[in-house]
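Model the full structure from these sequences, guided by the hints.
Protein chains in written order, with the working numbering: chain A, 359 to 694; chain B, 359 to 694.
Just so you know, the hints here were simulated from the structure itself, not pulled from any lab data.
Even glycine gets a Cβ: it sits at the ideal position worked out from N, Cα and C.
Fair warning: there could be bad hints in the mix.
What the hints assert, rightly or not - Keeping only pairs whose Cα atoms sit at most 30 Å apart, straight-line, the calculated DSSO-like set for lysine-lysine is: (1) A:415 with A:605; (2) B:648 with B:415; (3) A:560 with A:466; (4) A:524 with B:415; (5) A:648 with A:524; (6) A:466 with B:524.
To be verified - Label pairs and their in silico Cβ distance ranges: (7) B:371 with A:386: 47 to 57 Å; (8) B:527 with A:602: 18 to 28 Å; (9) B:648 with A:412: 18 to 28 Å; (10) B:385 with A:465: 49 to 59 Å; (11) A:622 with B:381: 37 to 47 Å; (12) A:430 with B:677: 52 to 62 Å; (13) B:393 with A:466: 34 to 44 Å; (14) B:500 with A:386: 24 to 34 Å; (15) B:461 with A:622: 33 to 43 Å; (16) A:680 with B:430: 37 to 47 Å.
Protein chains: 2
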Amino acid sequence: MAVIVPFESPSNASIDGLVGLLAADMERVNATILSRTGSEVTMIPEVANHLISSGGKRLRPMLTLAMAQLADYSGDGHIKLAAAVEFMHTATLLHDDVVDESELRRGKLSARMLWGNEASVLVGDFLLGQAFRMMVEVGSLRALDILSAAAATIAEGEVMQLAAAKNTATTEDEYLAVIRGKTAELFAAACEVGPVIANRPKAEQTACRSVGMNLGIAFQLVDDVLDYGGKSAKLGKNVGDDFREGKITLPVVLAFRRGNDTERKFWIRALERGEIGAADLDHAIGLMTKHRALEDTISRAQHYGAMSVDALALFPPSPMKTALEEVVAFCLARSH
Amino acid sequence: MAVIVPFESPSNASIDGLVGLLAADMERVNATILSRTGSEVTMIPEVANHLISSGGKRLRPMLTLAMAQLADYSGDGHIKLAAAVEFMHTATLLHDDVVDESELRRGKLSARMLWGNEASVLVGDFLLGQAFRMMVEVGSLRALDILSAAAATIAEGEVMQLAAAKNTATTEDEYLAVIRGKTAELFAAACEVGPVIANRPKAEQTACRSVGMNLGIAFQLVDDVLDYGGKSAKLGKNVGDDFREGKITLPVVLAFRRGNDTERKFWIRALERGEIGAADLDHAIGLMTKHRALEDTISRAQHYGAMSVDALALFPPSPMKTALEEVVAFCLARSH
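Shown next as structure tokens:
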């Protein structure tokens, strides 16, 4: 069962513009990624490349490259920083799969199913170490500061999510704090380091950070909606994964708050106690539809998307600026 | 059953001298550790402090402080680097417990038994992030380079161990490569950053690195012996843990190589296939005794201990140099 969320798609919702503008840089990033997963310990490139070459969009490293171009950066430190950002992201995915006991990732068996939890934990640690090595090679202490703070914040957000897990009383604000940490912080840091290595004024650095932070929040909220419908099959995720794992996401927060006592008992039974029957996912989606929880999660995502675009307004018109606006629209349009 | 390994203990085998010389600095390191495990997400300080305050000797951060003093360092960057080294070590322990499915750590229930694998993975990631933040604050790119390379090498060593797991055909050289990575590299990096932040000549940096590398190898080899006897009960480890987990350590490598066909079949059954009966640990210790595998592992450890002491010879006599020599003797004397 899938829900079609009504939402006007702008005709320019695409990452093609960004991909085109960054093609040359991304080729260098990909070569760097390939060489830095190399190790005589053959299990490391096997596990790392399983995930890295499994068809992610590489949105985060593209953001680093895009912001460096937007800031007229002329060096080549952005290549290693972008590769480092992708490694940080990949390390997070490897560790998340262990934490969530996931069986699938992007439609393929997760690394932990193929090589075990041990390899997922350790190869994640290896990639994190390699990410820091590349950042050190770039030599910007400020960029190192931003990305190392992000690493700690991401883990903090994940622990927060763990602590809030299965708690249907989670508020929207609490949930926002979780996704700012676990998802949006890396988007923000990936964007911020672009103008930082270009030595641009502080105002441009914070503007780029805002672009990333708000885009990251919007991205995660759309992801939350996709888990209850939309075209998620294409993404290699199973509809209902979050539900079965008892994850509290914004659609649940809204449906729970707006529901009556009987409905709240349903959510508590299914998500807190994990007693889930065959018809329960459909019932959950029904309740979300009744309370407009999915539509309103999309509305919230659009709000953050608008903030992201407004943060870009500081910069003069350019093909890169237009391409970034289209990426925001693309992230929102994924929901239908 | 425990084996007493005959080994002459020098009367000066103690860490008391080092502890005394570093008391003031260690107080600052401990305060830093405490403040940097702080988080509004209460599970983070809970998990981190469970392990950090559980009575480890803090040998690694003490080495950083000791080498900084030996190099006449006058700043205060060594405090944060020492705390960062301890965080890296703690993160490794948290992740190791998940990888090894350990139930005990230093005689207490491991973090994963108390808070789950999820928290162990994520709090480890948080500590790693905080470690890098502290290094960045110190501002030495060379120290950052050394410690970030160490982070990648440690993970690489652990994956190597995973790949070699249960393989009784592992050679002594292969085993040494594993422990250089998973254990000795952090000792080496912890020592090397002392003279690095003091801007001492390259020869002193490599000397300190050698002190740490060889001490780390000796330390791990003694640990391997303790797992088959000695006074390991005091360490909160169970005698035979490595055996039951099918870990190939140097005592096994030596006993296997020196054994006859029947004995090799025993090692393969127990360690590769994991078919272990009640009397098998005693039988394993008996075979090790027969082939002098434990004594010779201690001899190998003494060899690396001697290399560590000789690497110190570059430095003029001082109370700190003497204290470090006593630490090497202490690490060797743990075995009986």
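Structure-based check of all given hints:
1. A:415 with A:605: holds (25 Å)
2. B:648 with B:415: Roughly 34 Å separates the two Cα atoms, so the pair is violated.
3. A:560 with A:466: violated (42 Å)
4. A:524 with B:415: The hint is violated at about 38 Å.
5. A:648 with A:524: holds (22 Å)
6. A:466 with B:524: Given that 30 Å is the threshold and the Cα spacing comes to 28 Å, the pair holds.
7. B:371 with A:386: 47 to 57 Å: Roughly 54 Å apart at Cβ, these two residues keep to the hinted range, so it holds.
8. B:527 with A:602: 18 to 28 Å: violated (43 Å)
9. B:648 with A:412: 18 to 28 Å: violated (51 Å)
10. B:385 with A:465: 49 to 59 Å: About 53 Å separates the Cβ atoms of residue 385 of chain B and residue 465 of chain A, which means 49 to 59 Å holds.
11. A:622 with B:381: 37 to 47 Å: At roughly 57 Å between Cβ atoms, residue 381 of chain B and residue 622 of chain A fall outside 37 to 47 Å, so the hint is violated.
12. A:430 with B:677: 52 to 62 Å: With Cβ atoms ~56 Å apart, the hint holds.
13. B:393 with A:466: 34 to 44 Å: The hint (34 to 44 Å, Cβ to Cβ) holds, given that residue 393 of chain B and residue 466 of chain A are roughly 42 Å apart.
14. B:500 with A:386: 24 to 34 Å: holds (26 Å)
15. B:461 with A:622: 33 to 43 Å: holds (38 Å)
16. A:680 with B:430: 37 to 47 Å: violated (58 Å)
Violated hints, listed in ascending order, are 2, 3, 4, 8, 9, 11, 16; each of the other numbered hints is respected by the structure.
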